[in-house]
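Engineer: Residue numbers (my numbering), protein chains in the order written: chain U, 63 to 281; chain Z, 9 to 426; chain G, 19 to 407.
Since the hints were made in silico from the structure, they are not lab data. Glycine residues also receive a C-beta, built at the ideal position from the N, C-alpha and C atoms. One or more hints might be untrue.
[To be verified] Simulated restraints, written as ranges between beta carbons of each label pair:
(1) G:354 - Z:88: 52 to 58 Å
(2) U:280 - G:191: 55 to 61 Å
(3) G:406 - U:101: 54 to 60 Å
[Said to hold, decoys possible] Derived DSS-like pairs (lysine-lysine); straight-line CA-CA distance at most 25 Å:
(4) Z:212 - Z:256
(5) Z:254 - U:108
(6) Z:96 - U:202
(7) G:206 - G:222
(8) Z:212 - Z:298
(9) G:222 - Z:87
(10) Z:212 - Z:172
(11) Z:280 - G:399
(12) G:45 - Z:88
(13) G:206 - Z:15
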Amino acid sequence: MSEIEFLNWVRGPGFQIAIIIFVAGVIIRFAEILLLGRKPNLAEAKGSEMSSGLRTIITRSIPDKGTFQRSMFTVVAGYIFHLGLFITIFLFAPHILMFKDIFGFGWPSLPTPVVDAMAIVTIIALFAVLIHRMRNTVLKFISTKEDYIVWLVTILPLITGYIAFHRIGMTAPTLLAIHILSVELLLIMFPFTKLMHTFTIVMSRWYGGAISGYRGVKS
Amino acid sequence: MSASLDKGINALKEQVDSSVAAFFSSCTHCGMCADACLFYTETGCPTATPITKVEPLRRIWKSEYTLLGRIGKMFGLNKKVDDELLTKWEKRVYDNCTLCGRCSMVCPVGNDIALMIRKTREGMAAAGHAPEGLIGATKRAVTIGSPMGVKLPALMAQINHVEKDTGLKVPLDVEGAEYMLLLSSMEIMNFPEFIEAIAKIFTKAGVSWTISTEAFEATNSGIQIGVSDIAAELVQRIVDAAEKLKVKTVISPECGHAYMAIRWDGPNLIGKPFNFKVRHILEILDEFRKDGRLKITGKEEQRLTYHDPCQISRRGGVIEQPRNLINMFSNNFVEMPDTGKMNWCCGAGGGVSTNERADKVRLKVFQRKKDQLDEIKPDAIVSACSNCRIHLEDGLEEYNMDIPLMSLTETLAEHLAD
Amino acid sequence: MTNNSNKEKTLGEVMRSRGVSRRSFLKFCAATASMMAMSPAMIPKIAHALESARRPSVIWLSFQECTGCTESLTRAHTATIESLIFDSISLDYHHTLQAASGHAAEEAREAAMNENWGKYILVVDGSIPTDNPGYSTIAGISNLDMFMQTAAGAAAIISVGTCAAYGGIPHADPNPTGAYSVYDVIKKFSNNQLDGISSATLAKAGEGSVVSKPIISVPGCPPIPVVITGVLTHFLTFGTIPELDHLGRPKAFYGQSIHDRCYRRPFYDKGLFAETFDDEGAKKGWCLYKLGCKGPTTYNACATTKWNDGTSFPIESGHPCLGCSEPDFWDGGGFYKALSMPTENITQTAIYTAAGAAAVGVALGAMNKSKKNNAVAAHNKTTIDDLEK
Chain U
63 MSEIEFLNWV
73 RGPGFQIAII
83 IFVAGVIIRF
93 AEILLLGRKP
103 NLAEAKGSEM
113 SSGLRTIITR
123 SIPDKGTFQR
133 SMFTVVAGYI
143 FHLGLFITIF
153 LFAPHILMFK
163 DIFGFGWPSL
173 PTPVVDAMAI
183 VTIIALFAVL
193 IHRMRNTVLK
203 FISTKEDYIV
213 WLVTILPLIT
223 GYIAFHRIGM
233 TAPTLLAIHI
243 LSVELLLIMF
253 PFTKLMHTFT
263 IVMSRWYGGA
273 ISGYRGVKS
Chain Z
9 MSASLDKGIN
19 ALKEQVDSSV
29 AAFFSSCTHC
39 GMCADACLFY
49 TETGCPTATP
59 ITKVEPLRRI
69 WKSEYTLLGR
79 IGKMFGLNKK
89 VDDELLTKWE
99 KRVYDNCTLC
109 GRCSMVCPVG
119 NDIALMIRKT
129 REGMAAAGHA
139 PEGLIGATKR
149 AVTIGSPMGV
159 KLPALMAQIN
169 HVEKDTGLKV
179 PLDVEGAEYM
189 LLLSSMEIMN
199 FPEFIEAIAK
209 IFTKAGVSWT
219 ISTEAFEATN
229 SGIQIGVSDI
239 AAELVQRIVD
249 AAEKLKVKTV
259 ISPECGHAYM
269 AIRWDGPNLI
279 GKPFNFKVRH
289 ILEILDEFRK
299 DGRLKITGKE
309 EQRLTYHDPC
319 QISRRGGVIE
329 QPRNLINMFS
339 NNFVEMPDTG
349 KMNWCCGAGG
359 GVSTNERADK
369 VRLKVFQRKK
379 DQLDEIKPDA
389 IVSACSNCRI
399 HLEDGLEEYN
409 MDIPLMSLTE
419 TLAEHLAD
Chain G
19 MTNNSNKEKT
29 LGEVMRSRGV
39 SRRSFLKFCA
49 ATASMMAMSP
59 AMIPKIAHAL
69 ESARRPSVIW
79 LSFQECTGCT
89 ESLTRAHTAT
99 IESLIFDSIS
109 LDYHHTLQAA
119 SGHAAEEARE
129 AAMNENWGKY
139 ILVVDGSIPT
149 DNPGYSTIAG
159 ISNLDMFMQT
169 AAGAAAIISV
179 GTCAAYGGIP
189 HADPNPTGAY
199 SVYDVIKKFS
209 NNQLDGISSA
219 TLAKAGEGSV
229 VSKPIISVPG
239 CPPIPVVITG
249 VLTHFLTFGT
259 IPELDHLGRP
269 KAFYGQSIHD
279 RCYRRPFYDK
289 GLFAETFDDE
299 GAKKGWCLYK
309 LGCKGPTTYN
319 ACATTKWNDG
329 TSFPIESGHP
339 CLGCSEPDFW
349 DGGGFYKALS
359 MPTENITQTA
369 IYTAAGAAAV
379 GVALGAMNKS
389 KKNNAVAAHN
399 KTTIDDLEK
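Construct the entire structure; sequences and hints are all you get.
Structural biologist: Here it is as structure tokens:
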């Protein structure tokens, strides 16, 4: 297989396979969760489940002062790499073209040098997170193989993307193809790992907020 | 003698619903729940990390309710829930968790971890992995009517004392009363001043109230040990009494989990809504305040702080009422560094105080409360949960701190204007 | 076409007889040296080699092609040195250009082969059909036979144009004729994956050990003329083939991508893109990435040597690079689809998948629900007697 054939494969059939697994997996996971259902709460309500749930979806993004101080590293590094992932994935001009091709609409991009710098920041933050995970007593104890695999499939597109953009080491088509392949790996892993929190966080925050809010506690 | 692993596993299967599935799907193993849990912060032991306490429930969810888990089950690849696991987890689930729910407030993906631990206890108890102390208390609650073994004559004796001391009548089994008061065994045995305070306040407020001789016990060991069937039975006794006396409102006393049991879990345990209201005593007192039924004289000048009982504040939603009430009789009220819905547990809720095995750890984790108190150096602590109160006293003694503890209701009663 | 007497002359003699001055000849040598990334010290060596070289015999075979490559090489506006070099080799067979036809033409080829066996250069343009020998024949000889026979006696093979180098348009999906590049055909031959080769060819091919012939690919649709002459110059100067990349292309010309040498690159780096062919960005000469430019994945010398006497190259005239010097450039999902876009219709894929997955999800969800209901039904009321084992 020549490098261009490789590139054409990852842009074509490879991407299709990844999208099929991703879309099917995410929808199946959603159905599995939601169709389990929940018993209606028979206690006299003190607050609205719906509005409390929606509120928590937003407010849980900001930790209270004490929590911030206690979990500062996790919060700061977490914010940086999530923001970095958002910027590199969604605000890089070539990526927006891909979304435009799929969704039929696009949005403005950030200047390329900004995205480039953000990629480095994100990679550094992810490495910091990994070191933290391997050294912190709690994280070492609770981490499973999946946590490390997910870390790897998350950072791979960043590193391969950075290398492809700067064209280091190999020919451009190969680098681009490897980058796209790493994204496909991410897409395939997505529905079956904790990466699903990207979507299910809306549900879990809603449930958490609704359970609290029903009792009149803003969470 | 029929607890079994199969029953436990079935109970765990019953506990999984869409919220649990969403919670497990969202957990990223970030570890922030550990920083929110006093059993971790004060022991440094990673096994106290809240989300790991629900491992039995997680395994059942994964292998029974997810596509990948179903496939894994077919090939025997899944991690199993067995007696070995449950034995190992017993301490984590019962001794190292007070169901305080602080982790649930901190989890960045919004997981109600405390709820999941509560659900995990259903499986543990059904599989015969509940701690001895809690089993004993639960048996007493069902057979005698009180986890501490308090029977009606004991209550009657205390009521006689109160009536004699105050000259006030404590109405028993009054049909059609507005309020029916529940009591915790601890109040009956250790703090009869509470009954006296209620008698004073309610008489002054001019409302009709009563205590049922058939169902006066507010505590519910069933929700602590994690057996909904037993919890429902205990709730049903109160419901029957309230319906028999046709009261409008049932009052939960100064006890955290009792409020959770009757106010929030009760209707769900028995499977139908109540035809009466349930309120915490602090909610009632705050209503009296709003209605101008509380006349107060003399303000305390000493530095007072309020310890939020988890099940009343964070898990119960009664947060601003105690503050409104304390400000009625205090000129010098200070909040702890983390307060209200973010307050730290005393370390003895959720059945921990009933579980002798956890005596050492509950005193160790009291360090968290000590640190909080050291920061504000109050002259006295007000609270609204007898269990918190007893443990706080224990802890203060252990750490050689001399800070008196006051019941909010009792202190309020002392400041009633004549 | 050159006549036979010219064959005896050196290249220098031919040039002088054509009135090429020493000065412009040296200029050409210097340009060639710089283009091929050689040191200036090499210029005299090139000049000497070119002047004294005996013009090698070149056999040019055209298979499934469009003559675009020949057009590119021959349609220079003026008589350039490059075209003279090209003109000055002994092009013994090229059925578009040669005067002879029919049997005479084929005889010329056979004669050249016999005379120069093992020494001639074989130039191929067009891809070779392998499915059915009848898809493309010349003088009743299938392309495959003619190629294998001629390749057997070549000193080197130059695959001119994308069709010969990678299979090109005939090879594009669904490749109805089973067309393959020179390289692939030889690879298939060595793997015994070719049918329809005549026994005569097999004998001949074995004689010249086709498998070990050096192959130089000069892809492009069409390739840049100077690249062909550059390769020939190198061969004439050193008697060897130039340094090649992993796709058999001379590194001197294909070492850098269009993107790396593109004068619009600064706009890419800044994130300034033309969104359409007539917007402000297009007028300002911004990067054409979003309009489907394949410059980033295409290795060729267009951006430096340019076309039409150094006038411009596609991007300079406002059109994105098609990537014509890379394999399978026809199958890259469309010339106007940006490199970062998927080549298939992902929207449709996603919608169909979603519909299917929704059904599966509902089924799995229902299974979950019934499993849970079963658990609830199987519930044995727990009493205080059931708390211990």
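Engineer: All the hints need checking, so say for each whether the structure fits it.
Structural biologist: Comparing the hints with the structure gives:
Roughly 56 Å separates the CB atoms of residue 354 of chain G and residue 88 of chain Z, a value that falls within the hinted 52 to 58 Å. Against the hinted window of 55 to 61 Å, the Cβ-Cβ separation of residue 280 of chain U and residue 191 of chain G comes to about 59 Å, which satisfies the hint. Hint check: residue 406 of chain G to residue 101 of chain U, Cβ distance near 29 Å, so the stated range 54 to 60 Å is violated. With a CA separation close to 19 Å, the supplied pair residue 212 of chain Z and residue 256 of chain Z stays within the 25 Å bound.
The suggested pairing of residue 254 of chain Z with residue 108 of chain U holds, with an alpha-carbon distance near 23 Å, which does not exceed 25 Å. The suggested pairing of residue 96 of chain Z with residue 202 of chain U holds, with an alpha-carbon distance near 19 Å, which does not exceed 25 Å. Of the supplied pair hints, the one linking residue 206 of chain G and residue 222 of chain G holds, its CA atoms being roughly 17 Å apart against a limit of 25 Å. Of the pairs offered as hints, the one joining residue 212 of chain Z and residue 298 of chain Z holds, with about 15 Å between alpha carbons and a cut-off of 25 Å not exceeded.
For a cut-off of 25 Å, the pair hint linking residue 222 of chain G to residue 87 of chain Z is broken: about 67 Å separates their Cα positions. The straight-line distance between the Cα atoms of residue 212 of chain Z and residue 172 of chain Z is roughly 18 Å, inside the 25 Å bound, and the hint therefore holds. With a CA separation close to 18 Å, the supplied pair residue 280 of chain Z and residue 399 of chain G stays within the 25 Å bound. With a C-alpha separation of about 81 Å, the suggested pair residue 45 of chain G and residue 88 of chain Z falls outside the 25 Å cut-off, and the hint is violated.
As the CA atoms of residue 206 of chain G and residue 15 of chain Z are separated by approximately 66 Å, the hinted pair breaks the 25 Å bound.
Hint compliance for this structure: hints 3, 9, 12 and 13 are broken, all remaining hints hold.
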